[in-house]
Amino acid sequence: MAKSTPAPPAPSHWSNNNLACAYTWADLNFIKELDTTFDQSEKVTMNQFRFWNNAASPDVRRLDAQNVAAQLAKMFSGVNFAKYESGKSYTTAVDEMTDLLVVATKTVADLAQVVDDNYNFFGEIKPQS
Amino acid sequence: MNLRLFLVLAAALGGSAACAAVAAGSEPSAGSAGNITEAQVSAATAASAFAALQGLAGKPSAADAILHDPNLERELVDSFVKQLGAGDDRLSGLINDLHLQPKVYQVKGAKDESVLGLEYAYERSVAGRVINPDSRDPYGLSLNFHAKGSVTADAAKNPNNFLDTGITFNLFQAVGGVEPMIFTEAAAAAMNEAVIAATKIPTTGAEREKDPRWAALARAWSTHIRPQALWFVAGSGTLESDQKFANKQWTYGGQAGVSVRDWRDSSLATWLNLPDYPFAVLRALTDQTESFRPSGHAFPTFIGGLDLVDPKDNKDRLAADPDPGAYQRVRGEIAFKTKAALLFGKPVWLAASYRVFEETGASAAIKAAKLDKFEYFSAELDFVNDFSVTYSSGKLPLDRKSDQVFSLGYKLTL
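From first to last, the protein sequence lines stand for chains A and B. Going by our numbering, the first residue of the first sequence is number 1, and it counts up by one from there. Going by our numbering, the first residue of the second sequence is number 1001, and it counts up by one from there.
There may be inaccurate statements among the hints.
[What the hints assert, rightly or not] Residues from chain B that keep clear of chain A, each with C-beta distances beyond 12 Å, as calculated: (1) Leu1282; (2) Leu1285; (3) Phe1292; (4) Ala1326; (5) Ile1334.
[As the list claims (entries may be wrong)] Now the in silico label distances, taken between C-beta atoms and shown as ranges: (6) Leu1308(B) with Asp117(A): 22 to 28 Å; (7) Glu124(A) with Ile1201(B): 17 to 23 Å; (8) Glu124(A) with Val1281(B): 45 to 51 Å; (9) Asp117(A) with Gly1254(B): 20 to 26 Å; (10) Ile1167(B) with Phe122(A): 35 to 41 Å; (11) Gly1254(B) with Glu85(A): 32 to 38 Å; (12) Ala1326(B) with Gly123(A): 54 to 60 Å; (13) Lys83(A) with Thr1360(B): 47 to 53 Å; (14) Gln40(A) with Tyr1139(B): 34 to 40 Å; (15) Gln40(A) with Ser1363(B): 53 to 59 Å.
[Unchecked claim] 27 Å max Cα-Cα, derived DSSO-like pairs, lysine-lysine: (16) Lys1367(B) with Lys32(A); (17) Lys1248(B) with Lys1315(B); (18) Lys1200(B) with Lys1315(B); (19) Lys32(A) with Lys83(A); (20) Lys1200(B) with Lys83(A); (21) Lys1373(B) with Lys1315(B); (22) Lys1346(B) with Lys32(A); (23) Lys1373(B) with Lys1157(B); (24) Lys1200(B) with Lys43(A); (25) Lys1210(B) with Lys1346(B); (26) Lys1346(B) with Lys43(A); (27) Lys43(A) with Lys1210(B); (28) Lys1157(B) with Lys1370(B); (29) Lys1200(B) with Lys32(A); (30) Lys1157(B) with Lys1315(B); (31) Lys1157(B) with Lys1312(B); (32) Lys1248(B) with Lys1346(B); (33) Lys1367(B) with Lys1244(B); (34) Lys1315(B) with Lys1367(B); (35) Lys1373(B) with Lys1248(B); (36) Lys1315(B) with Lys1244(B).
It is worth saying that the hints were derived from the structure and are not from the lab. Note that this is a predicted model, so its numbers are computed, not measured. Virtual Cβ for every residue (Gly too), placed ideally from N, Cα, C.
Please model the complete structure; the sequences and the hints are all you need to start from.
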């Protein structure tokens, strides 16, 4: 297999002009999974979240992560007034957030990207793909 | 790879083929696969990790060097993972989804001072569906793949010699949590403005709570929130094995679990969290800003299950009892994490877990060989700067012996 030149890192989407980033940060801080400013949060990793239990089995860690993801999903659609993107649903949002929450090295910015993929916030203008 | 890491690898591995590939940047075999499945990648990654670590067997001095230099350990694993995924975006993506954590285990009473290990966990939802999307508490259905375990340089010294790979079909529901507010365009626009304003608050913790921009948001959301319980029931099929796959067994069964959280700082429900009372006392004693109050974030989480286990490839078990017939096993886990105290102005977190696996109706031979029940306890104190101390005791299924292990670790960022 031929080696390819590594692609340059993608530009960060972390900005308070991006409603997915703003709400992800606000909701995580509201439920006390994080205690960080918006600017500090971009590179915070999942194993720094309050739910992360290193002593537990991956099964328990996933269950606790799923609880956090379900609460975030309820906040996004219930009190942040977001709608699901086409082809997305409560289950895809919870599952995709949970899949990311259980990876120690993923960041809050990565989580916000998953949120952006699943939700369309009121007044949000998304770039045409 | 920097010079220091190269020298340590050269000294410790003495030309180990697997790690030579890492050092030289050549392609590992897993990376050359044409069509890579998740199972293959997980198995290949674990096997490569094992192969790389196996070069350290019997070299406690190398493990000691890494133990005393956490940065060095981080560099070693970082380099290993990057080289493994080099040149294949799909493989890189899958490796990035792995939870990898290097560990140095210190087995109580062992002659060798320490053994280097690597924990891995990969989980991915393959498909999902909502049953009642208009409900406040919808049900979710999902199909998940998982691969998890730990490998060490010397398999015989692996204190957690238990790999678990399989699929699970889940039904879950989160009951409670935040309740929906009435949507109007004006309310949504105002909420957007309020959240963007809150992102500009430069403080955290109690200082932020006092900021009117945050207080307005928190007040609006807090009036719509209740404690939340997420429960699930699942059917699963898994392959359990030891690190070398010398002993393995297929299991089929079901499990259920519940995770409860009250996201509010104070409520009547938090007073039901009895296990957190001792730590509430410690927090109140060490943190002047804390009053005596159990935490709603720290309710214990429970999982229980019933499995049918096929032991026909479990050599150790067949040596004790030649009956290859499937047997029933119950299992359970309770886990708990809380802020234990404030030390030098920083929180110290305590995490603990107890797991048990017990065969129902085990034969006298299995009981005599002590293969009918496996218990495992683990506790971790998590200090500042990502440093942690872990104590574990007992054994998991397919472990040959019960160990008491202290391990030092830190969180890995790739």
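Each hint, compared with the structure:
1. Leu1282: 17 Å, holds
2. Leu1285: 21 Å, holds
3. Phe1292: 18 Å, holds
4. Ala1326: 22 Å, holds
5. Ile1334: Check fails; 9 Å does not lie beyond 12 Å.
6. Leu1308(B) with Asp117(A): 22 to 28 Å: 39 Å, violated
7. Glu124(A) with Ile1201(B): 17 to 23 Å: The hinted range 17 to 23 Å holds for Glu124(A) and Ile1201(B), with Cβ atoms some 22 Å apart.
8. Glu124(A) with Val1281(B): 45 to 51 Å: 46 Å, holds
9. Asp117(A) with Gly1254(B): 20 to 26 Å: Once the Cβ atoms are compared, 32 Å apart, the range 20 to 26 Å for Gly1254(B) and Asp117(A) is violated.
10. Ile1167(B) with Phe122(A): 35 to 41 Å: 38 Å, holds
11. Gly1254(B) with Glu85(A): 32 to 38 Å: 33 Å, holds
12. Ala1326(B) with Gly123(A): 54 to 60 Å: At roughly 58 Å between Cβ atoms, Gly123(A) and Ala1326(B) fall inside 54 to 60 Å, so the hint holds.
13. Lys83(A) with Thr1360(B): 47 to 53 Å: Taking Cβ atoms as reference, Lys83(A) and Thr1360(B) lie about 49 Å apart, which means the hint holds.
14. Gln40(A) with Tyr1139(B): 34 to 40 Å: For Tyr1139(B) against Gln40(A), whose Cβ atoms are near 36 Å apart, the range 34 to 40 Å holds.
15. Gln40(A) with Ser1363(B): 53 to 59 Å: Distance hint for Gln40(A), Ser1363(B) holds at roughly 58 Å.
16. Lys1367(B) with Lys32(A): Violated, because 46 Å separates the two Cα atoms, which is more than 27 Å.
17. Lys1248(B) with Lys1315(B): At roughly 8 Å apart (the allowed maximum being 27 Å), Lys1315(B) and Lys1248(B) satisfy the hint.
18. Lys1200(B) with Lys1315(B): 62 Å, violated
19. Lys32(A) with Lys83(A): 24 Å, holds
20. Lys1200(B) with Lys83(A): 25 Å, holds
21. Lys1373(B) with Lys1315(B): Holds, because 17 Å separates the two Cα atoms, which is no more than 27 Å.
22. Lys1346(B) with Lys32(A): 16 Å, holds
23. Lys1373(B) with Lys1157(B): 21 Å, holds
24. Lys1200(B) with Lys43(A): 17 Å, holds
25. Lys1210(B) with Lys1346(B): Given that 27 Å is the threshold and the Cα spacing comes to 21 Å, the pair holds.
26. Lys1346(B) with Lys43(A): Given pair Lys1346(B), Lys43(A) holds - Cα atoms ~20 Å apart, limit 27 Å.
27. Lys43(A) with Lys1210(B): At roughly 26 Å apart (the allowed maximum being 27 Å), Lys1210(B) and Lys43(A) satisfy the hint.
28. Lys1157(B) with Lys1370(B): 19 Å, holds
29. Lys1200(B) with Lys32(A): With Cα atoms ~18 Å apart, Lys1200(B) and Lys32(A) stay inside 27 Å; holds.
30. Lys1157(B) with Lys1315(B): 19 Å, holds
31. Lys1157(B) with Lys1312(B): 25 Å, holds
32. Lys1248(B) with Lys1346(B): Given that 27 Å is the threshold and the Cα spacing comes to 44 Å, the pair is violated.
33. Lys1367(B) with Lys1244(B): 25 Å, holds
34. Lys1315(B) with Lys1367(B): Given pair Lys1315(B), Lys1367(B) holds - Cα atoms ~16 Å apart, limit 27 Å.
35. Lys1373(B) with Lys1248(B): Since the Cα atoms of Lys1373(B) and Lys1248(B) sit roughly 17 Å apart, the hinted pair holds (cutoff 27 Å).
36. Lys1315(B) with Lys1244(B): 12 Å, holds
Comparing the model with each earlier hint shows violations of hints 5, 6, 9, 16, 18 and 32; every other hint is respected.
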